[in-house]
Amino acid sequence: MSTHSSETLVVRGACPQDCPDTCAFLYHVEDGKLVEVTGDPDHPMTRGGLCVKLKNFAEHHYNPDRLLYPMKRVGPKGSGMFERITWDEALATIKSKWTDIIAQYGTQAIMPHAYLGHQGTLNGLTAGDAFFNRLGSTVAEKTYCESGSSTAWIMTVGPTGGMDVESLAVSKYIIVWGMNMLNTNLHGWPFVLKAKAAGAKVVVIDPVRTRTAKQADWHIRIKPGTDAALALGMMNVIISENLYDHDYVEKYTLGFDQLKARAAEFPPERVSDITGIPVVDILTLAREYAGTQRSAIRQGVAVERCPGGGDAVRAITCLPALTGAWRYPGGGTIEMPIWEFPFKFDFMCRPDWIPPGTRVINELDLGAALTGAMPLDPPIKSLFVYNSNPVSQAPGASTIVEGLLREDLFMVCSELFITDTAKYADILLPATMQAEQLDIMVTWGHLYMHLNQPAIAPPGECVPNVELFRRLAKTMGFSDEHWDLDDWEMLRRSYDWDAPQMKGITLEALKDKGWMRLDVGLPGERAPHATGDFKTPSGKCEFASSLAGGGNFVVPVWRSGYEAMQPGTPVDPVPNYIPPAETTVPEGASAFPISLVSPKPHAFLNTQYANEPTQQRRQGEQIIVIHPVDAGPRSIEHGSYVRVFNERGAFEARAEVSEDVAPGLMMTNVGHWPGLNRSGTAVNSTTSTRHCNLGQAGTYSDNRVDVQRV
Amino acid sequence: MTHVVTGNCRGCRYTDCVASCPVSCFHANEVRVYINPAVCIDCSACIPACPVGAIVEEFDLPEAERHWLDINAREVERNPVLSSRMAPLPGADARRRELGF
Ligand code: SF4
Ligand code: SF4
Ligand code: SF4
Numbered sequence: 257m258s259t260h261s262s263e264t265l266v267v268r269g270a271c272p273q274d275c276p277d278t279c280a281f282l283y284h285v286e287d288g289k290l291v292e293v294t295g296d297p298d299h300p301m302t303r304g305g306l307c308v309k310l311k312n313f314a315e316h317h318y319n320p321d322r323l324l325y326p327m328k329r330v331g332p333k334g335s336g337m338f339e340r341i342t343w344d345e346a347l348a349t350i351k352s353k354w355t356d357i358i359a360q361y362g363t364q365a366i367m368p369h370a371y372l373g374h375q376g377t378l379n380g381l382t383a384g385d386a387f388f389n390r391l392g393s394t395v396a397e398k399t400y401c402e403s404g405s406s407t408a409w410i411m412t413v414g415p416t417g418g419m420d421v422e423s424l425a426v427s428k429y430i431i432v433w434g435m436n437m438l439n440t441n442l443h444g445w446p447f448v449l450k451a452k453a454a455g456a457k458v459v460v461i462d463p464v465r466t467r468t469a470k471q472a473d474w475h476i477r478i479k480p481g482t483d484a485a486l487a488l489g490m491m492n493v494i495i496s497e498n499l500y501d502h503d504y505v506e507k508y509t510l511g512f513d514q515l516k517a518r519a520a521e522f523p524p525e526r527v528s529d530i531t532g533i534p535v536v537d538i539l540t541l542a543r544e545y546a547g548t549q550r551s552a553i554r555q556g557v558a559v560e561r562c563p564g565g566g567d568a569v570r571a572i573t574c575l576p577a578l579t580g581a582w583r584y585p586g587g588g589t590i591e592m593p594i595w596e597f598p599f600k601f602d603f604m605c606r607p608d609w610i611p612p613g614t615r616v617i618n619e620l621d622l623g624a625a626l627t628g629a630m631p632l633d634p635p636i637k638s639l640f641v642y643n644s645n646p647v648s649q650a651p652g653a654s655t656i657v658e659g660l661l662r663e664d665l666f667m668v669c670s671e672l673f674i675t676d677t678a679k680y681a682d683i684l685l686p687a688t689m690q691a692e693q694l695d696i697m698v699t700w701g702h703l704y705m706h707l708n709q710p711a712i713a714p715p716g717e718c719v720p721n722v723e724l725f726r727r728l729a730k731t732m733g734f735s736d737e738h739w740d741l742d743d744w745e746m747l748r749r750s751y752d753w754d755a756p757q758m759k760g761i762t763l764e765a766l767k768d769k770g771w772m773r774l775d776v777g778l779p780g781e782r783a784p785h786a787t788g789d790f791k792t793p794s795g796k797c798e799f800a801s802s803l804a805g806g807g808n809f810v811v812p813v814w815r816s817g818y819e820a821m822q823p824g825t826p827v828d829p830v831p832n833y834i835p836p837a838e839t840t841v842p843e844g845a846s847a848f849p850i851s852l853v854s855p856k857p858h859a860f861l862n863t864q865y866a867n868e869p870t871q872q873r874r875q876g877e878q879i880i881v882i883h884p885v886d887a888g889p890r891s892i893e894h895g896s897y898v899r900v901f902n903e904r905g906a907f908e909a910r911a912e913v914s915e916d917v918a919p920g921l922m923m924t925n926v927g928h929w930p931g932l933n934r935s936g937t938a939v940n941s942t943t944s945t946r947h948c949n950l951g952q953a954g955t956y957s958d959n960r961v962d963v964q965r966v
Numbered sequence: 023m024t025h026v027v028t029g030n031c032r033g034c035r036y037t038d039c040v041a042s043c044p045v046s047c048f049h050a051n052e053v054r055v056y057i058n059p060a061v062c063i064d065c066s067a068c069i070p071a072c073p074v075g076a077i078v079e080e081f082d083l084p085e086a087e088r089h090w091l092d093i094n095a096r097e098v099e100r101n102p103v104l105s106s107r108m109a110p111l112p113g114a115d116a117r118r119r120e121l122g123f
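If you read the sequences in order, they're chains A and B.
Going by this note's numbering, the first sequence opens with residue 257, and the numbers climb by one from there.
Going by this note's numbering, the second sequence opens with residue 23, and the numbers climb by one from there.
Since the hints were made in silico from the structure, they are not lab data.
It cannot be assumed that every hint is accurate.
Unchecked claim - Here are a few chain A residues that face chain B, going by a calculated C-beta distance under 10 Å:
| no. | residue |
| --- | --- |
| 1 | 295 |
| 2 | 306 |
| 3 | 311 |
| 4 | 314 |
| 5 | 471 |
| 6 | 875 |
To be verified - Once the Cα atoms are required to be at most 25 Å apart in a straight line, the calculated SDA-like pairs of lysine to any residue come out as:
| no. | chain 1 | residue 1 | chain 2 | residue 2 |
| --- | --- | --- | --- | --- |
| 7 | A | 428 | B | 46 |
| 8 | A | 457 | B | 91 |
| 9 | A | 450 | B | 70 |
| 10 | A | 457 | B | 32 |
| 11 | A | 767 | A | 267 |
| 12 | A | 470 | B | 91 |
| 13 | A | 856 | A | 465 |
| 14 | A | 289 | B | 70 |
| 15 | A | 856 | B | 81 |
| 16 | A | 600 | A | 753 |
| 17 | A | 470 | B | 104 |
| 18 | A | 457 | B | 61 |
| 19 | A | 450 | B | 59 |
| 20 | A | 450 | B | 110 |
| 21 | A | 791 | A | 805 |
| 22 | A | 470 | B | 105 |
The model shown is predicted, which means the values in this text are computed figures rather than measured ones.
Cβ atoms here follow ideal geometry from the backbone N, Cα and C, with glycine treated the same way.
Please put together the full structure from these sequences, using the hints given.
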């Protein structure tokens, strides 16, 4: 903490959001009030700026709709009628309901539901894991996003950080694959611009002509869900034209012959039919990529959002080993550098407390689990939701709502606002916002560790998640030492501070500096796999994965540290193209002729900030972007209101007629609160609950719909 | 939506704004700069950087200043991208004082 004028106190913090940039914050506090949150000008990625989503972050803390006290439901389920109660009453109610449920059905009748509404070590993804493992609840698999990519990455290169985003500045050929960086990784973009200024070519692969695509040298429009075919097609060209790095392949990869055989099944003509990309472009892309050293692939999470998404990420992740791109700084691929951080998940999640044989339920199957469509013994009798908003963000929203309306379901929700999910709760608990709590931020987009220090007191009776679970543990009578640790001690135990990459990093140093870079090589110099050193069982980049033998798995961090009860479905050791279930169904063979993709919004962070009037103005209402050839016959004009529907559900939106999407493809944004939309629903009323082939990730982009004017 | 450079920029061309923009969306002519509305990502990083308060977020533009939207959109078509800071124009400091900053 330091004072920079007589009245303004400046406290260092970091962004809590599920965004790869994890910006370094400066909280400006006057008379105990947060007046402004700005980006740290000295941070190499934040560079003094935040983003459109967070630029009014200070005001968000004072939103009059904030949940400030525990509440109990006093009207029918979902009516939104609540009455203030004390923390004591809330905790006593939870204890008595859970005690009854446990007596009758056992502890597994209780299910937590969480995701990355907050990205902290104490208050984020894993905040409730230790508590629910201790309770013996059902283990919830939290695979909203990234889980498919995580499994694919681990199978191919192991838990390595891979390339870092800052090293893009020295790349000579950059492929941004399935990511609208200007919307969702904007602090990475200056490094792309720097490379571009030094002559690099920037290629964007995306079904939609996004802002990022418009800034690229070359936009390659691909059919959603066909990325694996393109990657295999590139390999086909690279291998058959002998453009690969023989020496690198021989020394540092496993299974080249198998990969070669697989790639041979994907000649450019076939790949063109699958992906919709002209043959000449596939040839050019493969030749340029293999022929330009210091080539980088920035992978986006969009790639996994289809039934074959896991194999697509594996195939893409094989490319830099084939061409030897890993030899150079600025070469390789960026997925999620999180694996460099020395977390102590055994402490954070306490998987040792999970009773053997405990079942796992995937959160994307929540609707089926609650409504009985998935046979469960015992049934779910209580749901505890924190850091997440499934009614808006999970697929199959209408089934979830049906489940949440069950009179016999005891639902508790810890929240900042009464969201579309929270309104179904029996008990609401008020959570703190980022300026009010201590945490070390987990990041999945760069190599800096950030300490977020509290700058203001929590309003009302809001508590950080870490304190919430301490209170629940005491309420349930748990007497383990774990629940007596304070926040600082928990942070101390959550990382291996002696790990080599933590050289010079201590909690004390972080208190002073706010953020520090891991000692894993400097930007522009780092080349972690110049001589192999992959973190796989073989130490090589595994074109043929040795982990495939165990079948499909979810990386334990996404499932409370639990290793057992993995899905285990068979996995081909070599990546393949697994067609989408819906997108590529030939016209006429589906009742729903148009594919719909639903990437992140510009002015909201998933659903967060979507209830702020200023952000609503910036984002505008729910829209769909539709191509003129699809709009015309339906009498849909620019600005028309339309109903988008399929057999699963419907939502309404305003149409934007544009060639930014291809014929047969529409785009909308996830994140608008269903309850604030015209139809009371949003895009996830139409998405399917199918899982990606790896890691149980969602398949939100494999969604066929129709549209009509209203 | 976008951000626009309004009248105050003319004649001073402090290009601190340009250095703060993560997406290089400023274009410049001899006397001032403009923002490309197709590229601007609305982060507002440039607003505090400008010493003469020339940059405004679209929906904060008063009615009398809304014509700057069209001017910015048009001028970026004719003028090159400026991606690093330039020396201010001679007389910039005088103009800044004149504008009351
Ligand atoms: S959402 Fe992302 S870009 Fe915006 S402030 Fe947070 S970390 Fe930075
Ligand atoms: S800093 Fe302000 S005055 Fe200077 S060039 Fe930018 S907009 Fe114009
Ligand atoms: S708002 Fe952000 S993106 Fe737009 S011009 Fe300013 S700095 Fe650039």
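Structure-based check of all given hints:
{"no.": "1", "hint": "295", "in the structure": "holds (7 Å)"}
{"no.": "2", "hint": "306", "in the structure": "holds (7 Å)"}
{"no.": "3", "hint": "311", "in the structure": "holds (5 Å)"}
{"no.": "4", "hint": "314", "in the structure": "violated (13 Å)"}
{"no.": "5", "hint": "471", "in the structure": "holds (7 Å)"}
{"no.": "6", "hint": "875", "in the structure": "holds (9 Å)"}
{"no.": "7", "hint": "A:428 x B:46", "in the structure": "holds (19 Å)"}
{"no.": "8", "hint": "A:457 x B:91", "in the structure": "violated (31 Å)"}
{"no.": "9", "hint": "A:450 x B:70", "in the structure": "holds (23 Å)"}
{"no.": "10", "hint": "A:457 x B:32", "in the structure": "violated (34 Å)"}
{"no.": "11", "hint": "A:767 x A:267", "in the structure": "holds (10 Å)"}
{"no.": "12", "hint": "A:470 x B:91", "in the structure": "holds (20 Å)"}
{"no.": "13", "hint": "A:856 x A:465", "in the structure": "holds (14 Å)"}
{"no.": "14", "hint": "A:289 x B:70", "in the structure": "holds (21 Å)"}
{"no.": "15", "hint": "A:856 x B:81", "in the structure": "holds (22 Å)"}
{"no.": "16", "hint": "A:600 x A:753", "in the structure": "holds (10 Å)"}
{"no.": "17", "hint": "A:470 x B:104", "in the structure": "holds (18 Å)"}
{"no.": "18", "hint": "A:457 x B:61", "in the structure": "holds (18 Å)"}
{"no.": "19", "hint": "A:450 x B:59", "in the structure": "holds (21 Å)"}
{"no.": "20", "hint": "A:450 x B:110", "in the structure": "holds (23 Å)"}
{"no.": "21", "hint": "A:791 x A:805", "in the structure": "holds (17 Å)"}
{"no.": "22", "hint": "A:470 x B:105", "in the structure": "holds (18 Å)"}
In summary, the structure is inconsistent with hints 4, 8 and 10 from the numbered list given earlier, while agreeing with the others.
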